[in-house]
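Participant: What follows is each chain in one-letter form.
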Amino acid sequence: MSVFSLAAKRTCRGVSCLKITRYSVTNVENFHRRRNRCLQSHITNVTRLFSSHPHNSKVPEVATWELVPEDQLPPPAHIPTDLVDKLERLALVDFRTKQGLACLEKAIRFADQLHVVDTSGVEPMDSVLEDRALNLRDDAVMEGDCAEELLQLSKNTAEEYFVAPPGNIPLPKREERAALLKHSEL
Amino acid sequence: MPGPLSLRAPQQLVGVVGLEVHAQINSNTKLFSGSGVRFSAPPNSLVSPFDASLPGTLPVLNKRCVEAAVMTGLALNCTINRKSLFDRKHYFYADLPAGYQITQQRRPIAVDGMLTYSLLGGKKRSQVIRKTVSIKQIQLEQDSGKSLHDDLRSQTLIDLNRAGVGLMELVMEPDMSCGEEAAAAVRELQLILQALGTCQGNMSEGQLRVDANVSVHRPGEPLGVRTEVKNINSVRYLARAIDYEIQRQIGVLQRGEAVQNETRAYDSKSGFMPEPNLPPLIVYEDNASLPSGIDACQAVVVQKIREGLPELPSVKRDRLVQTYGILPEHSFTLVNEDGLVEYFEAVLKATKKEPRKVIGWVTNELVGHLKHQDMSVSQSPISPSALAELLELQETGHISSSVAKQVFQEMWRSSGRTALEIIQEQDLGLVSDTAQLHSICQKVVDSHPDEVRKVLNKLMGLVQKETKGRADPVLVRAILHEKTS
Numbered sequence: 001m002s003v004f005s006l007a008a009k010r011t012c013r014g015v016s017c018l019k020i021t022r023y024s025v026t027n028v029e030n031f032h033r034r035r036n037r038c039l040q041s042h043i044t045n046v047t048r049l050f051s052s053h054p055h056n057s058k059v060p061e062v063a064t065w066e067l068v069p070e071d072q073l074p075p076p077a078h079i080p081t082d083l084v085d086k087l088e089r090l091a092l093v094d095f096r097t098k099q100g101l102a103c104l105e106k107a108i109r110f111a112d113q114l115h116v117v118d119t120s121g122v123e124p125m126d127s128v129l130e131d132r133a134l135n136l137r138d139d140a141v142m143e144g145d146c147a148e149e150l151l152q153l154s155k156n157t158a159e160e161y162f163v164a165p166p167g168n169i170p171l172p173k174r175e176e177r178a179a180l181l182k183h184s185e186l
Numbered sequence: 187m188p189g190p191l192s193l194r195a196p197q198q199l200v201g202v203v204g205l206e207v208h209a210q211i212n213s214n215t216k217l218f219s220g221s222g223v224r225f226s227a228p229p230n231s232l233v234s235p236f237d238a239s240l241p242g243t244l245p246v247l248n249k250r251c252v253e254a255a256v257m258t259g260l261a262l263n264c265t266i267n268r269k270s271l272f273d274r275k276h277y278f279y280a281d282l283p284a285g286y287q288i289t290q291q292r293r294p295i296a297v298d299g300m301l302t303y304s305l306l307g308g309k310k311r312s313q314v315i316r317k318t319v320s321i322k323q324i325q326l327e328q329d330s331g332k333s334l335h336d337d338l339r340s341q342t343l344i345d346l347n348r349a350g351v352g353l354m355e356l357v358m359e360p361d362m363s364c365g366e367e368a369a370a371a372v373r374e375l376q377l378i379l380q381a382l383g384t385c386q387g388n389m390s391e392g393q394l395r396v397d398a399n400v401s402v403h404r405p406g407e408p409l410g411v412r413t414e415v416k417n418i419n420s421v422r423y424l425a426r427a428i429d430y431e432i433q434r435q436i437g438v439l440q441r442g443e444a445v446q447n448e449t450r451a452y453d454s455k456s457g458f459m460p461e462p463n464l465p466p467l468i469v470y471e472d473n474a475s476l477p478s479g480i481d482a483c484q485a486v487v488v489q490k491i492r493e494g495l496p497e498l499p500s501v502k503r504d505r506l507v508q509t510y511g512i513l514p515e516h517s518f519t520l521v522n523e524d525g526l527v528e529y530f531e532a533v534l535k536a537t538k539k540e541p542r543k544v545i546g547w548v549t550n551e552l553v554g555h556l557k558h559q560d561m562s563v564s565q566s567p568i569s570p571s572a573l574a575e576l577l578e579l580q581e582t583g584h585i586s587s588s589v590a591k592q593v594f595q596e597m598w599r600s601s602g603r604t605a606l607e608i609i610q611e612q613d614l615g616l617v618s619d620t621a622q623l624h625s626i627c628q629k630v631v632d633s634h635p636d637e638v639r640k641v642l643n644k645l646m647g648l649v650q651k652e653t654k655g656r657a658d659p660v661l662v663r664a665i666l667h668e669k670t671s
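Each protein sequence line maps, in turn, to chains A and B. Once you know that position 33 of the first sequence is 33 in our numbering, the rest is easy, because the numbers rise by one and skip nothing. If you count the second sequence from 1, you need to add 186 to reach our numbering.
Read the hints as simulated data drawn from the structure, not as lab findings. All values reported here derive from a predicted model rather than from experimental measurement. Honestly, I wouldn't trust all of these hints.
[To be verified] Straight-line alpha carbon distances no greater than 25 Å define the calculated DSS-like cross-link-like pairs of lysine-lysine that follow:
{"#": "1", "chain 1": "A", "residue 1": "K86", "chain 2": "B", "residue 2": "K275"}
{"#": "2", "chain 1": "B", "residue 1": "K669", "chain 2": "B", "residue 2": "K654"}
{"#": "3", "chain 1": "B", "residue 1": "K640", "chain 2": "B", "residue 2": "K654"}
{"#": "4", "chain 1": "B", "residue 1": "K249", "chain 2": "B", "residue 2": "K490"}
{"#": "5", "chain 1": "B", "residue 1": "K490", "chain 2": "B", "residue 2": "K275"}
{"#": "6", "chain 1": "A", "residue 1": "K155", "chain 2": "B", "residue 2": "K249"}
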């Protein structure tokens with residue numbers, strides 16, 4: 001419940017404010033809707049009640065973060081059509097609607113805030129495990145021989161093979177796709 | 187007509203070849219899981235939940251694979267990176283269940299090496315020409331599964347037995363200029379890997395896969411557009427495929443067109459991210475640099491691996507030259523053909539003949555016949571002892587050299603028959619009976635008076651030349667007649 005009230009306390013500052021507040025409100029609403037249907041969310045809900053208990057709250061009463069002013073951010077990224085094409089090819093997701101592109105641009109803008117952090121003299125970290133020892137395994141056969149179990153997980157099998165669609169159907173070139181994606185606004 | 191002096195004649199277009207080699211590591215289990223590694227097994231029987239990319243599974247690095255990579259790096263004069271990192275390379279394909287391959291793109295285990303290989307060149311292909319190619323890096327990575335395309339039912343059948351098997355990717359710089367060089371480099375690499383035991387190097391079974399990057403340019407000018415030559419399963423075909431591609435590109439450019447490059451979607455260096463489930467891989471230089479309390483089975487020590495390196499092919503070649511007094515080109519052929527050194531040494535054991543006199547038979551006669559029928563040494567119809575017997579008969583004067591070659595041919599054709607049998611059967615024995623030879627010579631001289639006269643006249647002419655025409659012809663003829671009868 002305090003999540004709800006917290007959301008109400010936050011103010012929108014200017015155009016660059018993100019729609020976090022609305023998202024979290026919707027989320028909590030959905031939560032309550034699902035509560036009566038799903039056991040798991042009921043359990044989580046109970047846990048949430050505890051964590052939002054006034055004596056045990058891990059959630060601050062007031063927002064502790066600030067929006068970064070626009071002038072501190074690099075210029076907004078514009079995504080050229082070729083890049084959209086390449087991203088769609090890599091991710092296998094069609095997103096070239098106005099809404100899709102706007103969403104992508106906002107996501108990039110949100111990440112742009114990272115540029116404010118001073119990383120001079122700091123080695124990039126690519127894993128929280130970086131100072132742990134990498135465990136080496138002995139070269140002895142310990143696994144395998146469970147073809148039946150694995151094949152049962154697949155909807156489509158043939159004898160002892162997994163079945164997949166033919167080859168890798170290449171995405172058609174942009175010109176050809178224009179005809180296919182008539183709803184595209186590019 | 188020659189043009190202005192400032193214009194140089196345009197140089198010829200030459201080929202530029204770089205190689206990407208994927209060598210399957212010779213280990214019992216896969217790179218990150220404990221599933222077995224075997225060439226043929228029932229489909230999907232060598233697959234663990236991790237190999238099938240089921241949620242909740244994690245990679246655990248195989249120590250043997252690390253040792254194999256270090257050993258190979260040392261044999262190829264690389265710098266071993268004390269600390270190397272793992273990455274994920276993302277792309278979509280049905281035989282890559284995780285949607286990414288774990289590899290070492292950023293910081294691989296070994297870098298900056300060199301492979302020295304040799305070619306037989308020169309007019310008679312008897313000169314050993316040494317060449318080198320730089321090794322950019324050696325990285326550990328996962329193999330993918332196998333896909334079988336069923337066009338009839340418009341589907342692909344996936345077998346994940348090979349998914350996750352350890353590979354060493356060796357990147358060779360574009361220091362080669364033709365198919366022959368590339369083939370020789372690959373052959374040498376094959377011999378090295380087989381000597382080390384880190385890879386069995388069988389191209390037809392996919393244990394060694396070579397992709398060639400081919401372009402053409404004029405020396406001194408920037409490199410041309412590259413194309414890739416893939417799916418090659420023999421060293422011989424590699425040479426031909428590369429040369430064909432070089433010629434094709436030259437033809438394209440000479441027609442004024444441009445070489446087309448069809449890059450795969452995942453060729454652009456995107457889709458990489460660090461592998462978050464694996465800390466950096468640390469290898470230690472020697473026992474002294476091991477951290478205290480570390481378990482011995484958790485440490486890969488470079489010095490120990492270096493000390494345990496077996497005899498490499500180049501060292502073996504030099505040793506054979508030293509031991510047997512044979513020429514470098516002979517030693518090159520001996521080491522190049524599987525089983526030939528053993529064959530040669532077996533022949534030497536069974537004959538008193540000098541190695542220098544035996545080697546020609548092995549590298550010319552035997553290898554020549556084998557190559558002609560595309561056979562390996564193990565398939566030779568003439569065994570080392572049979573060849574030794576033939577050479578003994580020649581050495582002891584029972585047959586002449588030319589007859590020996592004839593007998594060799596006959597032995598090749600009718601496998602199992604000994605040299606002695608053939609010689610006796612066809613009466614090819616050397617005739618050394620003086621009396622017999624005397625009568626034969628007399629008979630020939632008597633029945634060919636014209637030939638005798640021609641020879642005498644020729645000798646006369648030579649004597650006159652020597653004496654500048656001052657010799658008494660009658661006297662000379664009498665002396666010569668006496669000398670030749």
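Participant: Now tell me if each hint is right for this structure.
Facilitator: Hint check results:
1. A:K86 <-> B:K275: Status holds; Cα separation ~16 Å.
2. B:K669 <-> B:K654: With Cα atoms ~21 Å apart, B:K669 and B:K654 stay inside 25 Å; holds.
3. B:K640 <-> B:K654: 21 Å, holds
4. B:K249 <-> B:K490: At roughly 14 Å apart (the allowed maximum being 25 Å), B:K490 and B:K249 satisfy the hint.
5. B:K490 <-> B:K275: This hinted pair is violated, its Cα atoms lying about 32 Å apart.
6. A:K155 <-> B:K249: With Cα atoms ~36 Å apart, A:K155 and B:K249 exceed 25 Å; violated.
Consistency note: the structure conflicts with the earlier hints numbered 5, 6.
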